[in-house]
Amino acid sequence: MASVHESMFFNPMMANGVVHANIFGIKDWVTPHKISILVLLHEMATCKGQGTPEIETRRLHMNKLNLPLLQGPDMTLFQLLKTIEECCPKLASAVSTRVKLMAEGELKDMENFFSSLQNVFSGTEPAVHKTSVIGLFLRHMILAYNKLSFSQVYKLYTALQQYYQSYEKMSSGTGEREDTDMELTSLDLEGKMEKEELDFPIRDEEGIDRGPLSQKQAEYFLAQQASLLKNNENKALSPATLQKELNNLLKFNPDFSEAHYLSYLNSLRVQDYFSAMHSLLHYFDRLILTGSDSKSSGEDGFGRSLRYAALNLAALNCRFGHHEQAQFALQEAIRIAQESSDHVCLQHCLSWLYILEQMKGSDNAVLVEHSVKKAGQLGLPYLASLGIQSLVQQRTFSGRSANKLMDAMKDSDMLHWKHGLSELIDVSIAQKTAIWKMYGQSTMALQQTQLLLYMHTLESVNVDIHQNNTEAMAVVLCHLAELHAEQGYYSAASEILKHLKDRFPPHSQHAKLWMLFEQNIQFNRAMSDGKYHIADSLVPGIAALNGPEGLYRKALVLKAQNQITESYRLLQKLLVHCQKKKSTEMLIKILILEAELFWRSSCHAVAVPLLLKALALSREYHLEYLTSEAILHLAFSQLLLGIPEQALNLLYMAIEPILANGIVLNRGRAMLLLAKCQVASAASAPTQERTEAFESAIENLNEAKIYFEKADCNERIREVLYLQARLYNALGKVKERNKCAMMFRQLHQELPTYGVPLLS
27 MASVHESMFF NPMMANGVVH ANIFGIKDWV TPHKISILVL LHEMATCKGQ
77 GTPEIETRRL HMNKLNLPLL QGPDMTLFQL LKTIEECCPK LASAVSTRVK
127 LMAEGELKDM ENFFSSLQNV FSGTEPAVHK TSVIGLFLRH MILAYNKLSF
177 SQVYKLYTAL QQYYQSYEKM SSGTGEREDT DMELTSLDLE GKMEKEELDF
227 PIRDEEGIDR GPLSQKQAEY FLAQQASLLK NNENKALSPA TLQKELNNLL
277 KFNPDFSEAH YLSYLNSLRV QDYFSAMHSL LHYFDRLILT GSDSKSSGED
327 GFGRSLRYAA LNLAALNCRF GHHEQAQFAL QEAIRIAQES SDHVCLQHCL
377 SWLYILEQMK GSDNAVLVEH SVKKAGQLGL PYLASLGIQS LVQQRTFSGR
427 SANKLMDAMK DSDMLHWKHG LSELIDVSIA QKTAIWKMYG QSTMALQQTQ
477 LLLYMHTLES VNVDIHQNNT EAMAVVLCHL AELHAEQGYY SAASEILKHL
527 KDRFPPHSQH AKLWMLFEQN IQFNRAMSDG KYHIADSLVP GIAALNGPEG
577 LYRKALVLKA QNQITESYRL LQKLLVHCQK KKSTEMLIKI LILEAELFWR
627 SSCHAVAVPL LLKALALSRE YHLEYLTSEA ILHLAFSQLL LGIPEQALNL
677 LYMAIEPILA NGIVLNRGRA MLLLAKCQVA SAASAPTQER TEAFESAIEN
727 LNEAKIYFEK ADCNERIREV LYLQARLYNA LGKVKERNKC AMMFRQLHQE
777 LPTYGVPLLS
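First residue of the sequence shown: 27, per our numbering; consecutive thereafter.
Bear in mind the hints are in silico, worked out from the structure with no lab data behind them.
Virtual Cβ for every residue (Gly too), placed ideally from N, Cα, C.
Treat the hints with care, as some may be off.
[What the hints assert, rightly or not] Derived lysine to any residue pairs resembling SDA-like cross-links, with alpha carbons at most 20 Å apart: (1) Lys134 to Lys195; (2) Lys261 to Lys436; (3) Lys270 to His525; (4) Lys277 to Ser253; (5) Lys195 to Gln105; (6) Lys270 to Ile314; (7) Lys436 to Ser448; (8) Lys195 to Tyr183; (9) Lys173 to Lys195.
[To be verified] Pairwise CB distance ranges (calculated): (10) Glu762 to Glu735: 35 to 41 Å; (11) Gln403 to Gln144: 56 to 62 Å; (12) Glu735 to Lys444: 47 to 53 Å; (13) Val760 to Gln587: 34 to 40 Å.
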C-alpha cells in the first residue's frame with residue numbers, strides 16, 4: 027500500500043489535501059480491446075434480423091453479455107472470441123475477420139471503421155438508439171477517438187497490431203495466454219498523455235503493470251467483487267489477486283473510497299487485522315475528502331462519516347476479539363450519534379453493544395428487546411429481524427420450549443417475506459435447523475435443511491450465481507452431513523463434506539464450520555470402530571477450532587483407554603468452564619460421562635446422583651435427546667445395581683424417542699440394553715416365561731446388531747454375538763450358538779481388548 031501514500035502527495039488534482047477535479051480525470055478511452063467490442067456491436071447492429079431463427083436466438087443470448095463486456099476489464103482477443111463463440115460462432119468469426127483486416131491493413135482502415143460507426147445511428151429506424159447503453163458507449167468511443175492527436179492514433183494502431191499478433195500466437199500455441207492481454211491505458215480525452223513514452227504494456231494474469239481502469243470499469247469491477255464476497259466467495263478473486271488489482275486501482279486513484287472498503291473486506295477474509303484497519307480508516311478519510319458523503323446527507327455529511335467510522339471500527343475490533351478497543355469505539359459512535367440525533371445509527375450501536383456484551387459472557391436480553399421495539403418504530407425491518415433471532419438464540423440457551431421459539435421465529439419470517447429479505451430467510455432456516463438439532467429432533471432438523479437446499483433465493487447476484495454461499499448455507503450443509511453420519515451413511519456425509527470444501531475453500535471465512543464438523547464425524551466413527559489411536563490424533567484439530575469440545579473428546583478417548591483418573595481430571599477442569607460460560611448442553615454431557623467413569627470404577631451407586639442431575643437439567647432445558655440418553659444411563663445403572671425390573675420399566679420411557687430421533691449407535695445401545703434387562707428380569711421366572719424372554723431378547727439383539735453394523739461399531743457387534751451365543755446355548759439351539767460363537771471368535775481376534783468385562 028506504499029504506492030497509495032506516494033500518489034496522494036503527488037496527485038496534481040489535489041492541493042492541500044482537497045480534491046479540485048474529477049479523480050478519474052477522464053471517463054473513458056479507446057483501447058484495442060474496446061475496438062474489438064466496437065466491431066462486435068457494429069456486426070450485431072448491421073446483421074440484425076438477417077439470419078435464421080436459430081442464429082437470432084444465439085444473438086439474443088449474446089445481448090446478455092453486452093453489459094459485462096462493456097463495463098468489464100479489458101481481456102485478450104482470444105478470451106473475447108471464445109466468449110462470443112459460446113453464444114454465436116458466426117459472429118465470432120465475423121469479429122475475428124474484421125479485426126484481422128484492420129490489424130493487417132493500413133491506418134486508414136481503422137479510420138474508415140470509426141467513420142462507419144456513425145451509420146448505426148442514421149435512418150428513420152436506426153439500428154442503435156443514441157440514448158441506449160450501447161448507443162452511449164459508441165458515442166463515447168467515437169468522441170474519445172476524434173480527440174486523439176495523430177501520434178496517439180498511430181500508437182493506438184500499433185497497439186491493435188500487437189493485440190492481434192498476440193491472438194495469433196495463442197491460437198497457434200506458441201505464446202502464453204497469461205502474458206498477452208493488451209490494453210491502451212494512457213490516452214486522454216483532453217489530448218494529453220500521462221506518460222509520453224508509455225507504450226501499451228502487456229499485463230500478466232495477476233494484474234501487474236496494468237494501467238488505470240476507466241470509471242465504469244472500476245465501478246463494475248468493485249460492485250462485482252463485493253457481491254461475490256458476500257454471496258459466493260469461491261467465485262471471487264483470490265485474496266492475493268484481488269489485493270493486487272485493488273493496489274493497481276489505488277495507484278492511479280488513491281481517493282477512490284469504494285476501493286478502500288473492498289480492500290477492507292478482502293483483509294477480513296484472511297484475518298489480517300492491520301490491513302483491515304488501515305483500509306477502513308482510509309475509506310472514511312477519502313469519503314470525507316471527496317465530499318460524496320455530504321452530498322447524500324446534507325450538512326451533516328462529515329458527522330455521519332465519523333459516527334459510522336467509529337461504528338465500523340467497533341465491529342472490526344469485535345470480530346478480532348479486542349473487546350476493550352471495541353467498547354471505546356462504540357461509546358464514541360454512540361456519543362456522536364446522540365449529538366446528531368441519528369436514531370438509525372443508534373439502533374446499529376445498540377445491536378453491536380448486545381453482541382459485545384454477549385462476547386464478554388453476559389447476555390443482556392433487555393438490550394435486544396429494546397432494539398427490536400425501536401427498530402419496529404423506525405421502520406428498520408432488517409435490524410428488527412436480527413434482534414428477534416438474537417432473542418430466540420438467547421432464549422434457546424435459557425431453556426424455553428420449542429413451540430414458543432418457533433412462534434417468535436414466525437414473526438421474523440413474516441418480516442422477511444414482507445420486505446423481501448432473502449438473506450435473513452436463509453439465516454432463519456439455518457437457525458431453526460440448529461434449534462431442532464439441539465433439542466434432539468433430527469427429523470425436523472432434516473426437514474429444515476431440505477427446505478433451504480430446495481428453496482430458490484429472491485435475489486440473484488449475477489448470471490448463474492445465486493445467494494447460496496452464505497454462512498447460513500454452510501451451517502445447513504454441515505448439519506446435513508452430521509445427520510447422515512449419525513445414521514451410518516458415512517459415504518453420503520463424505521460427499522456432502524466434499525461439496526462443502528469445493529463451495530467454501532479453506533481460505534474462505536466460513537471454512538472453519540465444515541472443518542470442525544468433518545473432524546467430529548471422523549472422531550465419532552473412529553471411536554465407534556474402536557480405533558482410539560486415530561480418534562486421539564484428531565483431538566488437537568478439534569481443540570484448535572473449539573477448545574471445550576476438544577477437551578471433552580480427549581476425556582472420551584481416555585475413558586475408552588481405561589485411563590480413568592486422567593479422564594476425570596479433564597472433566598473437572600471442563601466442568602468449571604461450562605459453569606462459568608453457562609453451557610448447559612456440555613454440562614449434561616460431562617455429568618453423563620462422569621457417571622460412565624464411575625461404572626468403570628465399579629462405583630455404581632455414585633453414578634446415580636450424577637445421572638439424576640443430568641436428567642433434571644435436560645428436562646428443564648427441553649433437551650429431549652439428552653433426556654432420553656440420561657434415562658438410558660439410569661436404566662443401565664439400575665441393571666448394574668441388581669434391579670432389572672425397574673430398569674426395564676424405566677427403559678420403556680426412553681426407548682421411543684431414541685428410536686425415533688436418536689443416532690444409529692444409540693439405537694443399537696438401547697436395544698442391547700433392552701435385551702440385557704429382559705434376560706436379567708427373567709432369571710428367576712418359570713421356564714416357559716424365561717424361554718419367551720430369551721427369544722424376545724434374541725430378536726432385540728438382532729435389531730441391535732443391524733444398528734451397530736450401520737455405525738461400523740465392531741466392538742458392540744462382538745458383545746451382541748457373545749450374548750446371542752449364550753442365549754442360544756441356554757435354549758439348546760446348538761447350530762445357531764456355534765454360528766454366533768464362530769463370528770465372535772473372528773471379531774475377538776481382530777479387535778483389541780482393554781480389560782473391560784463383556785457382562786457385568
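Hint check:
{"no.": "1", "hint": "Lys134 to Lys195", "result": "violated, 25 Å"}
{"no.": "2", "hint": "Lys261 to Lys436", "result": "violated, 33 Å"}
{"no.": "3", "hint": "Lys270 to His525", "result": "violated, 29 Å"}
{"no.": "4", "hint": "Lys277 to Ser253", "result": "violated, 23 Å"}
{"no.": "5", "hint": "Lys195 to Gln105", "result": "holds, 13 Å"}
{"no.": "6", "hint": "Lys270 to Ile314", "result": "violated, 25 Å"}
{"no.": "7", "hint": "Lys436 to Ser448", "result": "holds, 15 Å"}
{"no.": "8", "hint": "Lys195 to Tyr183", "result": "holds, 19 Å"}
{"no.": "9", "hint": "Lys173 to Lys195", "result": "violated, 32 Å"}
{"no.": "10", "hint": "Glu762 to Glu735: 35 to 41 Å", "result": "violated, 18 Å"}
{"no.": "11", "hint": "Gln403 to Gln144: 56 to 62 Å", "result": "holds, 58 Å"}
{"no.": "12", "hint": "Glu735 to Lys444: 47 to 53 Å", "result": "holds, 50 Å"}
{"no.": "13", "hint": "Val760 to Gln587: 34 to 40 Å", "result": "holds, 37 Å"}
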